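Chemist: Chain residues, written in single-letter form:
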Amino acid sequence: MFDFLVTPIRNLGHTMINAIWRLGSISHFLFSILIYSGQCLTRFSLVIREIYFAGVQSLIIIIVSGLFVGMVLGLQGYNTLARFGSSEALGALVALSLLRELGPVLAALLFASRSGSAITAEIGLMKTTEQLDAMSVMAVNPIARVVAPRFWAGVLSMPVLAALFNVMGIFGGYLIGVVMIGLDEGTYWSQMHNSVDLHFDVINGLIKSLVFGIAVTLIAVYEGYDATPTAAGVSAATTRTVVTSALVILALDFILTAFMF
Amino acid sequence: MSSEFFIELRNVSFAYGERAVLKNINLRIQRGKLVAIMGGSGSGKTTLLRLLSGQYQAQQGEVIVDGKNVAKMSHGELYAHRRRMGMLFQFGALFTDLSVFDNVAFPIREHTSLPESMVHDLVTMKLNAVGLRGTQDLMPGELSGGMARRVALARAIALDPALMLYDEPFTGLDPISLGVIALLIKKLNQALGTSAVMVTHDVHKSLDIVDHVYFVANGEIIAEGTPEQVRAAPSPWVHQFVYGEADGPVHFAYPVTTSLESDLGLQGGEHV
Chain A
1 MFDFLVTPIR NLGHTMINAI WRLGSISHFL FSILIYSGQC LTRFSLVIRE IYFAGVQSLI
61 IIIVSGLFVG MVLGLQGYNT LARFGSSEAL GALVALSLLR ELGPVLAALL FASRSGSAIT
121 AEIGLMKTTE QLDAMSVMAV NPIARVVAPR FWAGVLSMPV LAALFNVMGI FGGYLIGVVM
181 IGLDEGTYWS QMHNSVDLHF DVINGLIKSL VFGIAVTLIA VYEGYDATPT AAGVSAATTR
241 TVVTSALVIL ALDFILTAFM F
Chain B
262 MSSEFFIELR NVSFAYGERA VLKNINLRIQ RGKLVAIMGG SGSGKTTLLR LLSGQYQAQQ
322 GEVIVDGKNV AKMSHGELYA HRRRMGMLFQ FGALFTDLSV FDNVAFPIRE HTSLPESMVH
382 DLVTMKLNAV GLRGTQDLMP GELSGGMARR VALARAIALD PALMLYDEPF TGLDPISLGV
442 IALLIKKLNQ ALGTSAVMVT HDVHKSLDIV DHVYFVANGE IIAEGTPEQV RAAPSPWVHQ
502 FVYGEADGPV HFAYPVTTSL ESDLGLQGGE HV
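Same order as they appear, the protein sequences are chains A and B.
All the letters of the first sequence, read from the start, carry residue numbers 1 to 261 under my numbering.
All the letters of the second sequence, read from the start, carry residue numbers 262 to 533 under my numbering.
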């Protein structure tokens with residue numbers, strides 16, 4: 001009789017229980033990674049190898065995107081600042097926008113799309129083709145051998161990629177503001193130098209990217225390890241990695257910004 | 262003093278949720294023997310292997326390997342048990358990002374601290390044993406199905422295991438590869454003196470190489486014996502399986518309650 005009421009409530013309850021269960025499961029997974037991370041320290045070559053795949057191979061997309069974001073910031077920033085007669089503040093605007101927000105957030109979104117999805121697909125396929133089982137049967141812990149190196153590689157790569165994104169963005173702003181529009185070069189750099197605080201802006205931005213790196217890589221390795229071992233399962237896990245990472249990055253950005261700035 | 266039997270399963274039951282896969286299984290395998298476990302798809306053969314490797318825990322009964330109950334092993338004991346074990350997976354399960362050499366070297370590098378020159382020699386010997394010396398620089402994607410299975414076999418025997426588990430080693434192989442792999446399994450069993458359990462569908466090839474056979478159907482062992490005993494067995498289950506007949510106690514068709522005519526929309530020969 002009350003089916004029209006009971007069904008949505010039941011579905012809502014199911015969704016919430018599922019979300020809480022997954023949160024518990026991912027926390028337990030993080031705990032396992034930390035427990036089995038010792039091997040990463042004794043055999044750091046495993047992490048270096050993954051830094052190459054997750055970090056170095058993301059360089060092109062990070063560099064090109066950073067450059068274009070900086071150029072767009074330069075154009076838009078100049079147009080807006082010129083209306084108020086403050087176009088000399090362009091360097092400060094570009095740098096602060098990138099260091100505090102755009103650099104960490106956009107670099108993390110790009111990292112999730114490029115490397116996060118690749119990590120999920122790789123681990124998911126290893127599960128599908130019984131490679132993880134084979135490892136386990138050979139008395140090699142897959143979390144220690146496969147998951148932990150990828151996790152630490154992602155965590156270490158993310159701040160470096162975000163820093164590189166910032167540098168390229170600032171350079172993009174310089175190209176537009178100074179080279180193309182003709183603003184004074186000294187003003188561009190001195191405004192930036194006077195406005196940017198090392199601890200408040202640069203370090204906080206890097207802390208943000210470190211947190212994003214932990215979140216994105218944890219989601220990526222968890223989704224791969226938890227994927228249903230079928231083609232459709234790996235595909236769904238890869239999609240979940242990108243979508244969940246994007247939402248978590250934006251939510252964490254809001255929380256961190258509220259505390260930091 | 263070690264028991265005559267390397268593996269003993271005592272009253273073992275296992276279910277996936279509500280679905281019982283193994284029911285009260287009792288099985289004993291002598292040291293150094295090559296034993297086949299046969300049965301239809303979904304009869305619980307692979308589950309049995311996973312119980313032996315400690316990937317699954319029996320919900321009832323005991324799985325004893327070399328005198329130790331697998332379910333009661335600590336994490337460290339379980340890994341020590343697995344270090345003495347080799348497993349050949351159905352499709353090889355080679356690490357696709359590693360070369361043939363690195364795949365075979367993987368367990369050696371993980372569990373020993375041998376110098377790289379010795380690792381090289383061991384890998385070369387193992388690859389030679391499976392007839393694939395010279396393929397060490399190839400990647401798994403460059404191998405045929407039969408070659409991949411042989412590389413996986415070389416990897417499984419890399420540490421000279423005391424127990425070998427074979428999961429459907431003959432699936433999807435051409436007759437030559439099948440014959441070569443079967444011969445290799447037999448030769449390795451004799452040369453290394455390992456106890457071995459082979460789960461397979463391939464009746465005739467298996468009966469040529471194994472010492473003993475167990476037939477599993479509906480989660481129970483329905484027959485056992487030497488290959489000669491099995492070939493002559495009067496059991497209709499075994500007869501149907503050995504001779505590959507559609508009619509018999511094992512149902513080939515999925516059980517349905519409707520007729521083919523009604524599913525096709527035909528009644529009395531007319532389409533309605």
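These are calculated hints, taken from the structure and not from any lab test.
All values reported here derive from a predicted model rather than from experimental measurement.
We put the CB at the ideal spot given by N, CA and C, even for glycine.
Misleading hints may appear alongside valid ones.
Facing chain B, according to a computed beta carbon distance under 8 Å, are these residues of chain A, among others [as the list claims (entries may be wrong)]:
hint : residue
1    : 129
2    : 138
3    : 226
4    : 253
Chemist: Are the hints correct? Go through all of them and say.
Modeler: Cross-check of the supplied hints:
Contact between residue 129/A and chain B, as hinted, is supported at the beta carbon level, the nearest pair being about 6 Å apart and thus within 8 Å. A least Cβ separation of about 5 Å between residue 138/A and chain B falls short of the 8 Å threshold, and the interface hint therefore holds. With its C-beta approaching chain B no nearer than about 17 Å, residue 226/A sits outside the 8 Å limit, and its interface hint is violated. This hint is violated: residue 253/A has a C-beta 34 Å from the nearest C-beta of chain B, more than the 8 Å allowed.
Violation of the numbered hints given earlier is confined to hints 3, 4; the remaining hints are satisfied by the structure.
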